[in-house]
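Participant: Each chain is listed here by its residues.
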Amino acid sequence: MSSALDLSMFNRFSVTFRKGDIIFCEYEPGDTFYLIQAGRVQIVRIIGDLEKNIDVLYPGEVFGEMAILEEAPRSATTIALDEVKALEFNRENFEVLMMGNPQIAMKLLKLFVKRIYDQKRRFLILTLDDMEAKVADVFLMLAENQPADPNAGDSRDFKTTVDDMSHWAGIPPGQCREVLNHFVAQRRIELHPDRIAVKNINDFARFVNSRRKQQEK
Amino acid sequence: MSPKAVQYRANSIIYFKGDQSERIFLLNSGKVSLSYVDIETGQEVRDLIKVGEFFGVKSALGRYIREETAVVLQDAAAMVFSVPEFEQVASKNTRIITKMLKVFSNQLRRIHRQVQNLMVSDEQVNPETGLFKIGEYYMNNKRYGQALHAYKRYLVYYPSGAYATDVTNKIMQAEEFVSKYGSGAPPASSAPSAAPPKAGAQPPPAAAAQAPAAAGELPDLAQAYYNAVSLISQEKYTEAYKAFKKMLDGGADPEYSSKAEFEMAKCLFYLKQYDSCIKSFSAIAQKFPKHPDMKDALFFVARSYEEKGDKARAGGLFKKIISMGTEDDPVVRKTKKALRALEEKS
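For the record, the sequence lines run as chains A and B. Its first residue numbered 1, the first sequence is counted upward by one per residue in my numbering. Its first residue numbered 1001, the second sequence is counted upward by one per residue in my numbering.
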């Protein structure tokens, strides 16, 4: 879709970043957002002593769009993986872009829809009281976000780590590790350096549902 | 296929919570309400749809199950769209999309806050410390170009912050390393990176062997220069001017004396001494006709004329700067912005 867009009218918003350049840092106040025209952009977060890859974005994709909503600090760091050409927008010229380019507007609308659902899903995890149920519900969320593998049966493989799990569950990493170790002892999961294997995702679904029902009483 | 007009009787249900459907509705007449459970309070909420409003958009666009039940309160008529039909209509009338973007952005903001409220645990990092730590991470991992960027952003936002002195020193080190060893390792593009070896802010061992004296130390002159530059970033222009003057008077080597002269002229601009600023930059231009920062120098001269009220001269200079560089040159971008502002004023 992006290749079909004629964006020449937006040339005055064009910016270029060299390979390896930081486009913006996490925690920086932000008032601009970007539409990639060429090159890849990596989204990372520094957690402790680790740089975590959150995502890699390609031409046609938008990033930094939360800046349209509020001037909150950036929630991740973005780095140009190649020489990156992008259009840079802010709240003032945002409407100009939207009016002149319904395809981008529609893309942004769909992105917002996804963000709203992701946040709502996350909220549901956080409202669970039980620590084990929170962690189990993170597995369910991850399963919902990955395409179903018809050969997988009840088992699921997640490319995730203890730190990621603790982030999503909103609990300290130490506690998260304890819960995961407990699941390992119960033979419900296997911990690998680069992934976590869940033996029976439906078992976790039943567990989370029953905890949620108990809580509602 | 085209959108269909459909009539609904009072007390009927258009769709139920939990349904999956890709239909989007536009209410033409009558009364429809959406009822759902508020995730924060657990209370049942009813929102009335106004005539002319779309509903069922989010679940259709995102292919999620319906989150609410749409109940007809009074006989109603609605247009029913498939997702492609909706996209077609909306693309011809972007106001529909911009209006929805506003609604969705409000919803997103609200849910974002609700999540943040529940995340009080260990997630709350003060942005100042957070930004400093990003610089530290890249510095420790010898990615000097990225460290430099993060540290410089820090000084922009927190010129007199808790880490400002530290950051100023780190910038000096990082600049030194970048000029010696390049920007550092490229960013890792693979998924979750392995734990990097703990490294201090020293240069790579092999390079250090070639330059044994340079392990993070800078010549006094460079130190003095960067200290003065940091005063500019702290908006202490008079002190910065004095510090540069002291360097010049002390007989600095040509590299630093030309840099210092340049920075002094900049200070004069910030100190609103526009005539002196123009004079200083003109002298620099005569002495160093091929100065690498000539566009920057002209920019300050142009801005000085603007401040003095000589818009014609300022505009002419702005245009000259733009003709000297390329589209993506930051000075050119800055100048274009300044020129637009100037033209809007006049």
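The set of hints was computed from the structure by calculation and includes no laboratory data. There's no promise every hint is true.
Okay, the calculated bits of chain B under chain A, using three or more residues with CB under 8 Å as the criterion [unchecked claim]:
1) 1060-1073
2) 1085-1091
3) 1125-1135
4) 1146-1153
5) 1303-1309
Heads up, the beta-carbon is just placed ideally off N, CA and C, and yes, glycines get one too.
Participant: Determine for every hint whether it applies to the structure shown.
Facilitator: Quick rundown of the hints versus the structure:
no.: 1; hint: 1060-1073; in the structure: holds (count 3)
no.: 2; hint: 1085-1091; in the structure: holds (count 3)
no.: 3; hint: 1125-1135; in the structure: holds (count 7)
no.: 4; hint: 1146-1153; in the structure: holds (count 4)
no.: 5; hint: 1303-1309; in the structure: violated (count 0)
Consistency note: the structure conflicts with earlier hint 5 alone.
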